[in-house]
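Per the working numbering, the sequence shown starts with residue 136, numbered consecutively.
To be clear, the hints were calculated from the coordinates, so they are not data collected in a lab. Incorrect hints may have been included.
[To be verified] Here are the simulated distance ranges between beta carbons:
#1 K244 x V268: 15 to 23 Å
#2 K272 x T248: 51 to 59 Å
#3 R137 x F271: 31 to 39 Å
#4 K272 x N160: 41 to 49 Å
#5 D174 x G230: 21 to 29 Å
#6 A187 x R137: 26 to 34 Å
#7 Y270 x T248: 46 to 54 Å
#8 F271 x G190: 32 to 40 Å
[Claimed, not checked] BS3-like mimics (lysine-lysine), calculated; alpha carbons at most 25 Å apart, straight line:
#9 K232 x K244
#10 K225 x K176
#11 K176 x K232
#12 K176 x K148
Just so we're clear, the structure is a prediction, and the values are computed from it rather than from any experiment. Cβ atoms here follow ideal geometry from the backbone N, Cα and C, with glycine treated the same way.
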Amino acid sequence: MRRLIWYNSGPWKRTIVYKDPVPHNFPTPHLDFLKQTIDYKVPVHLYDAIAAFDGSVYLDRTTGEASAKCHEEAMNFLSLNLLNDIVTGKRDVQGAKAFYAQTAEQFTKYHITSPYTEGFLFPMQYNTADLGVTYFK
């Protein structure tokens, strides 16, 4: 078994713990092994911006899901709250990256939390799947 999966755990649609972690250097070297997923519809024109923000944020247009993969739940909350900030225009990519780095450093080094690390700062979304357009039958 290479992973464990929980469904509907707390605010998460799905939580996966991977046996084989992935090295990740943003904002500081760590191992990504905890992937958590919610229903969240990101407009297609913002996919590149989300990818530029953090390579450990995953979007699935067909299922209408957004996931964050890091080493602890607080950082996954932070990633997805900042994804929402980018989608809603509250922050641009560079602003989101800078805020992430600052907040993660405060959390990691000094155990200072933020509302961004404690839960979602936006309403949960439902029925977010985009099944595409049928071209033939």
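Hints, one by one, checked against the model:
Separation of K244 from V268 is about 49 Å and departs from the stated range, judged on CB atoms against 15 to 23 Å. Here the CB-CB span from K272 to T248 is close to 52 Å, well matched to the stated 51 to 59 Å. Our hint of 31 to 39 Å for R137 and F271 holds, since their Cβ atoms are close to 38 Å apart. Taking the beta carbon of each, K272 and N160 are about 47 Å apart, inside 41 to 49 Å as hinted.
One distance hint, 21 to 29 Å for the beta-carbon pair D174 and G230, holds here, with the actual separation near 25 Å. Distance hint check: the CB atoms of A187 and R137 are about 29 Å apart, consistent with the given range 26 to 34 Å. A beta carbon spacing of about 49 Å between Y270 and T248 agrees with the range 46 to 54 Å that was offered as a hint. A C-beta distance of roughly 35 Å is found between F271 and G190, which places it inside the suggested range of 32 to 40 Å.
With a CA separation close to 18 Å, the supplied pair K232 and K244 stays within the 25 Å bound. Between K225 and K176 the CA atoms are separated by roughly 17 Å; this keeps the pair inside 25 Å, and the hint holds. Proximity of K176 to K232 is assessed by CA-CA distance (about 21 Å); at most 25 Å being required, the pair is judged to hold. With a C-alpha separation of about 14 Å, the suggested pair K176 and K148 falls inside the 25 Å cut-off, and the hint holds.
Consistency note: the structure conflicts with earlier hint 1 alone.
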